[in-house]
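Residue numbers (the numbering used here), protein chains in the order written: chain A, 1 to 300; chain B, 301 to 600.
These aren't lab readings, by the way, just hints derived from the structure by calculation.
Using 30 Å as the maximum straight-line C-alpha spacing, the simulated DSSO-like pairs for lysine-lysine come out as follows:
{"no.": "1", "chain 1": "A", "residue 1": "LYS129", "chain 2": "A", "residue 2": "LYS3"}
{"no.": "2", "chain 1": "B", "residue 1": "LYS504", "chain 2": "A", "residue 2": "LYS242"}
{"no.": "3", "chain 1": "A", "residue 1": "LYS295", "chain 2": "A", "residue 2": "LYS204"}
{"no.": "4", "chain 1": "A", "residue 1": "LYS204", "chain 2": "B", "residue 2": "LYS555"}
{"no.": "5", "chain 1": "A", "residue 1": "LYS242", "chain 2": "A", "residue 2": "LYS295"}
{"no.": "6", "chain 1": "A", "residue 1": "LYS129", "chain 2": "B", "residue 2": "LYS504"}
{"no.": "7", "chain 1": "B", "residue 1": "LYS303", "chain 2": "B", "residue 2": "LYS388"}
{"no.": "8", "chain 1": "B", "residue 1": "LYS555", "chain 2": "B", "residue 2": "LYS542"}
{"no.": "9", "chain 1": "B", "residue 1": "LYS504", "chain 2": "A", "residue 2": "LYS255"}
{"no.": "10", "chain 1": "B", "residue 1": "LYS429", "chain 2": "B", "residue 2": "LYS303"}
{"no.": "11", "chain 1": "B", "residue 1": "LYS595", "chain 2": "B", "residue 2": "LYS504"}
{"no.": "12", "chain 1": "B", "residue 1": "LYS595", "chain 2": "A", "residue 2": "LYS255"}
{"no.": "13", "chain 1": "A", "residue 1": "LYS204", "chain 2": "A", "residue 2": "LYS129"}
{"no.": "14", "chain 1": "A", "residue 1": "LYS88", "chain 2": "A", "residue 2": "LYS3"}
{"no.": "15", "chain 1": "B", "residue 1": "LYS542", "chain 2": "B", "residue 2": "LYS429"}
{"no.": "16", "chain 1": "A", "residue 1": "LYS295", "chain 2": "B", "residue 2": "LYS555"}
{"no.": "17", "chain 1": "A", "residue 1": "LYS204", "chain 2": "B", "residue 2": "LYS429"}
{"no.": "18", "chain 1": "A", "residue 1": "LYS204", "chain 2": "B", "residue 2": "LYS542"}
{"no.": "19", "chain 1": "B", "residue 1": "LYS595", "chain 2": "B", "residue 2": "LYS542"}
{"no.": "20", "chain 1": "B", "residue 1": "LYS429", "chain 2": "B", "residue 2": "LYS504"}
Number of protein chains: 2
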Amino acid sequence: MTKLNVAVIGLGSMGYGMAASVARAGHTTWGFDLDEEAMARFRAREGGQEGALPDIAADLDVVVIVVLNAAQTESVLFGEAGIVAQMKPGATVLACATVPPSFARDMEARCNAVGLFYVDAPISGGSLKAHEGSLTIMASARAEAFAAARPVLDATAETVFELGDCAGGGSAMKAVNQLLAGVHIAAMGEAITFGITQGVTPAKFVEVISRCAGTSWMLENRAPHVVEGDYTPRSSINIWPKDLGIVLDIAREAKFSAPITAAALQQYMTAAATGLGQEDDAAIAKVYARNAGVKLPGQA
Amino acid sequence: MTKLNVAVIGLGSMGYGMAASVARAGHTTWGFDLDEEAMARFRAREGGQEGALPDIAADLDVVVIVVLNAAQTESVLFGEAGIVAQMKPGATVLACATVPPSFARDMEARCNAVGLFYVDAPISGGSLKAHEGSLTIMASARAEAFAAARPVLDATAETVFELGDCAGGGSAMKAVNQLLAGVHIAAMGEAITFGITQGVTPAKFVEVISRCAGTSWMLENRAPHVVEGDYTPRSSINIWPKDLGIVLDIAREAKFSAPITAAALQQYMTAAATGLGQEDDAAIAKVYARNAGVKLPGQA
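With the rest of the complex left out, here is chain A (with noise of 0.2 Å):
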């Protein structure tokens, strides 16, 4: 195995577990982060290395970089630290942040105008897969690009999808992922608690429509938390102001009319707004309950 010398910037809920997933692989892995805190914990746990990112950053093969969105992308590429600058030429970044594909494909130029490869490679599938190393990745890149970077793609990755020979297709997929999950997580808020307004239980609508027509991946898998009453972030109500706002951001670049989507980023707004924003995500059946005046399983 070629072992790479690799920096992961952003230790959140992905960014850590993708960090831990690239050390117990065996490269050498730096972690970085504005939390301290997440940094020491990634050294002592995860066997992650010493050193500041000015003083190891020319000897990186491969920058993963997992932060929020395309602002922070674009800040610690070429921002006033901005890494771009002191990375040896043919070295590789690695971007996951969901972005919209033209600034994907923004950053692929300026990245291979000073001789790195740039993988437009957003992520999918939680936390908890992000530390077994089994994402799916959205990928899209040149050829060199993906070759350069495979190792680490082999590290954290179940599946890489490869959508396409340059970046941008890996974020147009992204963005129509999410349209789909955020929806889909909204509209089973408003089905299960519609349907607890006409004397359907939560745990009934689970047995009934988890086999039926109306089933959809979200469903299977969030619709149990609302009806254990369980609202711990495996993945979080602020994920979707986020996420759906860029889906739309996109969307209205293309004067694309996308509705349903906006109808389900109001209810992520309201979710965020009255103090949900850090709950597990299928807390968005929360906003529905307060509306309609109805309890959901584990309410008082």
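Got chain A sorted already, so can you dock chain B onto it with the hints?
Structure of chain B alone, referenced to chain A:
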């Protein structure tokens, strides 16, 4: 096996298949419809019995009602030539239309008052499964009514969910399922067309998204129709203004705000108003494509 006298009222795509399944199971079966050609076809091809409804109504054990909505169900049962007045005590009404739960409870009370059993039995699965006798039925009824209807349920359904000991429970679950099914088809149409604007082909959409968290039962069933450009109606657009209309009627009665369902309904109404009503419901994607100025597979 108990050999019953059964009439199926309504020989549309679902009722015809159910009637054929009942006859195939060995019951003496009559089929009735306003369309005399459908009746003649049922007699000629499926072994349906000769005879006018008034002449055989008193001999029936079970009447299966497979009409469009609550108004037609009430008319068949209690209208001018309503069948309830002609049926023998202890006979059973199996009501299969999608109706409000409160309507089902009302029909049950009125049937019980004249000595008839009533099974609230909305159906799911499409015309192919109706023909195969492998529908899903979401049923609720008194135990004696379930027992009396059992041979017909066995002949027509692969799965019978028993959702309570009085009418309403079946219709409530059907409404919940239709809410989700209708939203998921429209969301599929929104996402697959959004994808086109971002360079994601419908074929790649199906390949990738059906293996990701954004998938749904309806997406996997309907999106291939878009890929193939085949809008032969397995289930038509026209179902949805009706069924989502019923969902929102029920919701309004319960003062339940259902913004995602409402947004989906607008798209189906646009589809129906622009000549797509008789097409497969995957044609909802055509509304999005026209609005966005893009072409779907098979569109010139």
